[in-house]
Amino acid sequence: MARVKVRRGVLGRPGFYQVCGLVLLIAAWALIARYRLIRPTFVPPPDAVWRAAIRAARSGVLASDLLTTLREMLAALALAFGAGFPLGVALGVMRPVKRAVEPLLGLFLTAPLVAFVSVSIIWFGFGTPSVVALGFAAGVVNIIVSTSLAVETIDAVLLRMSRVYCRSPLARLWKVILPASLPTVATGVRFAAGRVVVGVVVGEMFGSSAGLGARLVETANFFDIPSFYVAVVTLAISAFALTSVVAAIEARTRWAAARTA
Amino acid sequence: MPPTVRAAPDRLPRRGRFRVPSQWPSWAVVLLLVALWKLATSARLLDPAIVSTPGDVAAAALAALGSSEIYLDTGITFLAVVIGLAAGVAAGVPLGIVMALSPAVRWSSEWLLLVTNSLPRFALAPLIIIVLGLGVTSKGTVAFLASVIPITLLLMNGVRDIPVDIHRVARSFRLSKGQVLTKIVLPASLPHLLTGTQLGFSRALASVIVAEMYNPHSGLGRWIAIGQVSLDASHLVFASVLVAGIGAAFVHGFNTVGRRLTPWHA
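For the record, the sequence lines run as chains A and B. Each residue of the first sequence is one higher than the one before, starting from 692 at the first, in the numbering used here. Each residue of the second sequence is one higher than the one before, starting from 165 at the first, in the numbering used here.
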């Protein structure tokens, strides 16, 4: 285990195994569907799913659902950041207020916010507003907590230096506190993106008629399982893409912070 | 001249005086919010038919907590989550270890787990409920799917993070592969297993609640569905707050128990 055998050529590259894994997955799926090893309802043959995907793409349903879901996710994340970041900075700076609110924040962090989907529908109306509201609620607490943590854990030496060199508290905030807290804030945004995805999917499943989540429920109710899988795979890929983009941005902030250090 | 250090004054314990609990500021904030809520509905700034008033919600709460239904449903949800989580640990630990120790397995399957990890697994709940029906089997499956992936990924990362020097020590003691597994890999991966289980628990709980909301039959999700169709907004608000609160209590309790049971946190 300490000595990993390094193989030459294509066998040593991860990409080969990733492709192999994908091929094996599709092959196993085709075999299971062909010989009905698992219930056919669960596992439709891959070509049925492929045909359903082509159908959905041609009719434009897939594109519109994907756009709706992506728009809702981005809007919820942007709103969560726009509201959560200032609040987090304020809480990080004003410690007594944070101490007062901290148990409440911890409660919201661990509570399954999926419970509020019905409340969201009634308050914000069926459709996109309630979905974005739920995604916002799911992500904003994460951003508040991580931003306040980031502001609190800034290097004390840096803070003392900033008191010497900066002429006003505003200058301190802008030139020192915000850039120094950026990496931790970016990590918090990454976690919040995951929670926003969960909130948006739940919101669409129960409170919308458009979007990939709504498509999941609709295709399941109509027993159109191949289309269900099309929606699931599209949703998985778009959620993964969103979190990957946010993670890439987060990695960039670490490089930026390291350069200015 | 060396700076003089002032000793901190000793704090005598306050005997015989009412000690204000240290969390009173957050309770004060909650009370303030509830008071604002009451004022807003009385002044018709918020529509009480939609937002409901604190009094109605409290009445609904008392009515529900008096009967035994809510406790039964809480138990049902908790049971489904625990069953799914146990299955997730049973499957995730061997899978994570194998993935960590074998690059071929890791490279061929990690991409799939990462993509599936971004997808909330309760998205599969409609299909699972259609095929497996209502009841513990489908809920347990959703909980299993929700928890197995974080556990596997965290465990895999944990085993991969074991320092190479420890492997070298194992080699110098000529431990067999099985001994390395039991004496080194498993104990070193316990903290990561705990973290993964905590994460898996909260995800499994959310997934089970969503599955119950999708097809309300039993469990906490049923209460939200009932609240949604009742004409009284107070039932809905109460049910949502209750489910969220119970969920938070479960997760908090699970994390606390986990921390207590693990010696390295002491």
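Keep in mind that the hints are not guaranteed to be accurate.
[To be verified] Pulled a few chain B residues facing chain A out of the computed Cβ check, cut under 7 angstroms:
1) 190
2) 251
3) 253
[Unchecked claim] What follows is a list of derived Cβ distance ranges for each label pair:
4) B:203 x A:716: 39 to 47 angstroms
5) A:730 x B:423: 38 to 46 angstroms
6) A:741 x B:192: 53 to 61 angstroms
7) B:350 x A:703: 48 to 56 angstroms
8) A:938 x B:203: 57 to 65 angstroms
9) A:721 x B:355: 52 to 60 angstroms
None of these hints come from the bench; they were simulated from the model. These numbers come from a predicted model, not from an experiment. Every residue, glycine too, gets a C-beta built ideally from N, C-alpha and C.
Do the hints match the structure? See the list:
Interface hint status for residue 190 (chain B): upheld, as the beta-carbon distance to the closest one in chain A is roughly 4 angstroms, under 7 angstroms. Because the beta carbon of residue 251 (chain B) sits about 17 angstroms from the nearest beta carbon in chain A, more than 7 angstroms, this interface hint is broken. Hint status for residue 253 (chain B) relative to chain A: violated, with the closest Cβ pair at about 20 angstroms, above 7 angstroms. Separated by about 58 angstroms at the C-beta atoms, residue 203 (chain B) and residue 716 (chain A) break the suggested range of 39 to 47 angstroms.
One distance hint, 38 to 46 angstroms for the beta-carbon pair residue 730 (chain A) and residue 423 (chain B), holds here, with the actual separation near 41 angstroms. A hinted range of 53 to 61 angstroms holds for the C-beta pair residue 741 (chain A) and residue 192 (chain B), which are about 59 angstroms apart. Taking 48 to 56 angstroms as the suggested C-beta distance range, the pair residue 350 (chain B) and residue 703 (chain A) does not conform, at roughly 29 angstroms. In this structure the supplied range 57 to 65 angstroms is violated for residue 938 (chain A) paired with residue 203 (chain B), their Cβ-Cβ distance being about 44 angstroms.
Range check, residue 721 (chain A) to residue 355 (chain B): about 40 angstroms between beta-carbon atoms, so the 52 to 60 angstroms window is missed.
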